Amino acid sequence: MTFFKLKAKAKDTEPAETGPGKSVFFSAPDGLKLHAVEYGGENGDALPVICLAGLSRNSRDFERLAIFLSEKAAPKRRVICFDYRGRGLSVHDPDWKNYNVITEAEDVLAGMTALGIAHAAIIGTSRGGLIAMALSAMRPGALKAVILNDVGPVIEGDGLATIRAMLTQLPKPKNWDEAIAIQKTAMGKAFPAFSQEDWAFEAHAKYRQIGRKIRPDHDPDLVKPLAEIDLGEKLPEMWPQFIGLTKTPVLLLRGEHSGLLSKKTVEAMSARHPDMQVMEIAGQGHPPLLHKDGIPEAIERFLGGVAD
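Just so you know, we're using my numbering here: the sequence shown kicks off at 8 and counts up by one.
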């Protein structure tokens, strides 16, 4: 171990801002219209990077990291940030049971095909890391490197309970100042190092404004699969899928105050993947913001050691 400290459900149709990236739409295997944001499409020589967000999050989480990797890193890379079904500008699924890791992994593979990407480095935050591990079993040749952002094959029940409670009791802010305050109240204990600008980034990544209304940028039905999980029982583990990554370069990021990824799990992962690199992010919880604390430069160095 190397250690560094179908008929779609109706939804609002007014487009959200996608920032400097280029919007790309494609069809899922079941025909659902899905969305991704592409950066550095002209950067065709280096290994491309695919960014996969957390459970209720979207492509905006990666905007600043994607700009760094596509415009400032050496080499500059093509970066694709996906909105899963029911998140961001992807259409909401009429069947909430399709909000699962396997279906979303199939959607990612469909997006890669649509974008002409045979293989890539995957950056997976939380749910995105679970999807990356699923891809290791579904199409191992597609993964040339994996960066797991605060996630492993074992999910801590307390951390999942916190996420479920947050999604179940989501308030509806009246303005952006209130949205920022909500994020700070909900997550402040786990992110003591965040500045007011960091909280603003969090709020604008999580919410979007339609007319005068500010709402979470995901299908409210996303909480239904979580409601079916019995947190009193042992949660399913993904060790076989993680072991499928043992021949793939892996960088694991862990927030110092993470409630989802324990140090015990990190040690067990390192025992099974001795070449895995680990970086703990001080002052951050679950999941760390990827454009802070030297993380972009660490990712740049890690990817620099991976054969294109």
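Simulated from the structure, these hints should not be mistaken for laboratory data.
All of these numbers come straight from a predicted model, not from anything done at the bench.
Every residue, glycine too, gets a C-beta built ideally from N, C-alpha and C.
Hints should not be assumed to be uniformly reliable.
Under the rule of at most 20 angstroms between Cα atoms (straight-line distance), these lysine to any residue pairs were calculated in the SDA-like manner [stated by the list, open to error]:
| id | residue 1 | residue 2 |
| --- | --- | --- |
| 1 | 83 | 37 |
| 2 | 254 | 217 |
| 3 | 241 | 166 |
| 4 | 29 | 48 |
| 5 | 40 | 107 |
Using C-beta positions, here's what the derived DEER-type ranges look like [as the list claims (entries may be wrong)]:
| id | residue 1 | residue 2 | range |
| --- | --- | --- | --- |
| 6 | 29 | 239 | 44 to 50 angstroms |
| 7 | 49 | 307 | 14 to 20 angstroms |
| 8 | 49 | 204 | 17 to 23 angstroms |
| 9 | 200 | 239 | 30 to 36 angstroms |
| 10 | 237 | 82 | 43 to 49 angstroms |
| 11 | 29 | 192 | 47 to 53 angstroms |
| 12 | 183 | 232 | 35 to 41 angstroms |
| 13 | 222 | 311 | 20 to 26 angstroms |
Against the structure, the hints come out as follows:
no. : hint                          : verdict
1   : 83 / 37                       : violated (34 angstroms)
2   : 254 / 217                     : violated (45 angstroms)
3   : 241 / 166                     : holds (13 angstroms)
4   : 29 / 48                       : holds (9 angstroms)
5   : 40 / 107                      : holds (17 angstroms)
6   : 29 / 239: 44 to 50 angstroms  : holds (46 angstroms)
7   : 49 / 307: 14 to 20 angstroms  : holds (18 angstroms)
8   : 49 / 204: 17 to 23 angstroms  : violated (30 angstroms)
9   : 200 / 239: 30 to 36 angstroms : holds (34 angstroms)
10  : 237 / 82: 43 to 49 angstroms  : holds (47 angstroms)
11  : 29 / 192: 47 to 53 angstroms  : violated (35 angstroms)
12  : 183 / 232: 35 to 41 angstroms : violated (29 angstroms)
13  : 222 / 311: 20 to 26 angstroms : violated (40 angstroms)
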